[in-house]
Amino acid sequence: MSDRSQLIETGQPFNFDAQRDAEFERLIKRYPSRESMILPALWLVQEQEGWISAEAMAYVADRIGTFASKVYEVATFYTMYHLQPKGKYHICVCRTLSCYLLGKQEIVDYIIEHLDVRPGEVRADGLYSFEEVECLGHCGSAPVVQINGEFYENMTVEKLEELLATLQ
Amino acid sequence: MAEKVKLFVNGQEVEVESGKNLIDAIGAIGIEIPHLCYHPALGADGNCRLCLVGIEDGRPPLVPACKTRVAEGMKVQLDTGKIKKIQQDIMEFELINHPIDCPVCDQAGECKLQDYYMRYDAQPSRMTVKQVLKSKKLDFGCGVVHDQERCVLCARCVRFTRLITKTGELGIVNRTDYARVEIFPGRPLNNRYALNVVDLCPVGAMTSQDFRFKQRVWFLTKSPSICHGCSKGCNIFIDHNREKYKDDIIYRFRPRHNEKVNGYFMCDDGRMTYKLENDNRLLGAMIDKRETGFNEAVEAVRRELSQAAKTVILVSPNASLEQMYALQQFAGTINAQVSGFSDGYIKNGDGDDFLIQDDKSANRATFHLLGIDDTRAGFDTAVAGADLLLSFDNDLSLSLPQTDLDQLLGQVKLITVGSRQNDFVTKASIKLPVASFSEDSGSIINCDGRLQRYDAAVIKNEPMPSMIAAINMLGGGIVSHQEAREGLQANVPKLKDIDLDQVPGDGIALTENEVAHVAA
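Each protein sequence line maps, in turn, to chains A and B.
Read in order, the letters of the first sequence correspond to residues 1 to 168 in UniProt numbering.
Read in order, the letters of the second sequence correspond to residues 1 to 520 in UniProt numbering.
Quick caveat, the hints were computed from the structure, so don't treat them as lab data.
Any given hint might turn out to be false.
[Unchecked claim] Dumping the calculated DMTMM-like pairs for lysine to aspartate or glutamate here, alpha-carbon to alpha-carbon at most 20 Å: (1) B/Lys137 x A/Asp3; (2) A/Lys29 x A/Asp62; (3) B/Lys166 x A/Glu35; (4) B/Lys130 x A/Asp3; (5) B/Lys427 x B/Asp406; (6) B/Lys166 x A/Asp62; (7) B/Lys136 x A/Asp3; (8) B/Lys494 x B/Asp423; (9) B/Lys130 x A/Asp62; (10) A/Lys159 x A/Asp109; (11) B/Lys214 x B/Asp121; (12) A/Lys70 x B/Asp177; (13) A/Lys70 x B/Asp115; (14) A/Lys86 x A/Asp3; (15) A/Lys70 x A/Glu35; (16) B/Lys4 x B/Asp89; (17) B/Lys275 x B/Glu243; (18) A/Lys86 x A/Glu49; (19) B/Lys166 x B/Asp353; (20) B/Lys136 x B/Glu72; (21) B/Lys112 x B/Glu149; (22) B/Lys260 x B/Glu92.
None of the values given here were measured: they were computed from a predicted structure.
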């Protein structure tokens, strides 16, 4: 897990496009408490932009009618929200108990050394971004790595090396 | 009286107030349950787990005391080996990443983590891994400085901004050992009660820019008093200290709990009025801008009084009940008119529905109790044809437009008796210094008609005479607070059942019921 509190400001106001706007209005009726809409609203932002800027969080807060600090809390808590533009390949390594015990650190060290990207960072050429994430829910086949949404189970350094070769 | 319930704490039978949670109910009879996140004004959050206790009645083996109400016959275990182990473990957990910078931390001496470590843990650290470092000295706005490393994430500050001020500037971002209290970028603390988060913080994570590093708290004398910043009359502690070879100086005001007035909080403006007690004080008597002895100035005033054709006494709405009464009596003996004109002390629209009031004076309600006229029309009538204006700490320049003031001062001779130096006082031909409220005792009535008492807190190296003593020297008949209080009780019908020396700590509402109750 890295410090995710450093938000990026684009300097541009954020607005939902027409499609997300309609989806927001459709979803918000489902929740008796408007604050419950924070999670789906952040998904909509991410769907639209690929990541979530400080302006987008403030927009979501105003739209829902809650404190910006609450949206900030949620967005920084869940690692599936991207708080900066991702690399072409976004690599997530689960850091929680089962994966930890079954050697996630070797995989993390390998990525840092061979791909030259640290947790929470995007490589300068934009090819890789890397995040250590909380439980991915695959304890039975730990350690687990997720690349652009695809799960790769029972991961080892060797298997990762092969996998990365196919991505180039 | 509140209903009582009997329960057993560590096997010992005790009687406590019903309806409360275990921390408050048992705490009220002197048995402490350690806690970091719970605060009576913010409710139970249950995040620190330090208040876990055992209850022998078939419920889960451990329950958080902050979320458990007392019940008749409840058997509470606070001293078992298991509970002690939990307290020790929680303390160890809290201290994994907490810097042990007590020697330089502003909170040392009033830090719950420090106190609890000594009381419940006292074990050496077993940590061999590097501490997680976080940001220090973050400016959160409104004079609040945040140190993320010291924070134990009890979320009291976060809850305060969400539940009390409803401004929600603070949040806990990230997770696990990276979690920290943060403001949303570009949206710092922006409310008039922000400094309360400093009082609420159980550790040294929230500090006041104003107070930081000025004093170690154990050197401070903490005297109970009443804030004079507005007509709410929030209960406060005056924290002051007389350093060697120096004068007694006030370093801060802090809110003092009074459920019937201000709860646990006070506003930032009121908090900063401590500066008025220290700075810009009138320190010596003056006649025509020439420094002089106090007695010489008193003689000069008496001479002026005897020569004046018509004298008007101007009373400050901050004067105490006793001072106003003494002045009224004094005015009677010298045949002077009394006015409490002080419109300038009222800032219309400045108040809110919580504590801050429009009226920035502490005791205007007494004007109405004693029948002192505070209207402009009354003032104009009083000063018509007058040749001497005797102002007792009333800054008339706040209430009167400059042209009117100039015209008035062309007509009357101005004498001021007060504690503070200001533009209006500089226009006086004679100035007499007196003690300010923090150096004097008295009673005041707040905007809700609640009578409260305060005692002298600060004793200066060269104390100024009290206003009542000054009035007495000028020819007033009342020599002491005691005498003023007796006079008030005898002559003011609303106060006839109240012993002003025995006003309870939370004050008395000047309503029939409460007065009768206290008198009984």
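Tested hints:
no., hint, verdict
1, B/Lys137 x A/Asp3, "18 Å, holds"
2, A/Lys29 x A/Asp62, "17 Å, holds"
3, B/Lys166 x A/Glu35, "15 Å, holds"
4, B/Lys130 x A/Asp3, "16 Å, holds"
5, B/Lys427 x B/Asp406, "10 Å, holds"
6, B/Lys166 x A/Asp62, "15 Å, holds"
7, B/Lys136 x A/Asp3, "15 Å, holds"
8, B/Lys494 x B/Asp423, "37 Å, violated"
9, B/Lys130 x A/Asp62, "40 Å, violated"
10, A/Lys159 x A/Asp109, "14 Å, holds"
11, B/Lys214 x B/Asp121, "30 Å, violated"
12, A/Lys70 x B/Asp177, "19 Å, holds"
13, A/Lys70 x B/Asp115, "32 Å, violated"
14, A/Lys86 x A/Asp3, "16 Å, holds"
15, A/Lys70 x A/Glu35, "9 Å, holds"
16, B/Lys4 x B/Asp89, "34 Å, violated"
17, B/Lys275 x B/Glu243, "17 Å, holds"
18, A/Lys86 x A/Glu49, "11 Å, holds"
19, B/Lys166 x B/Asp353, "12 Å, holds"
20, B/Lys136 x B/Glu72, "48 Å, violated"
21, B/Lys112 x B/Glu149, "16 Å, holds"
22, B/Lys260 x B/Glu92, "39 Å, violated"
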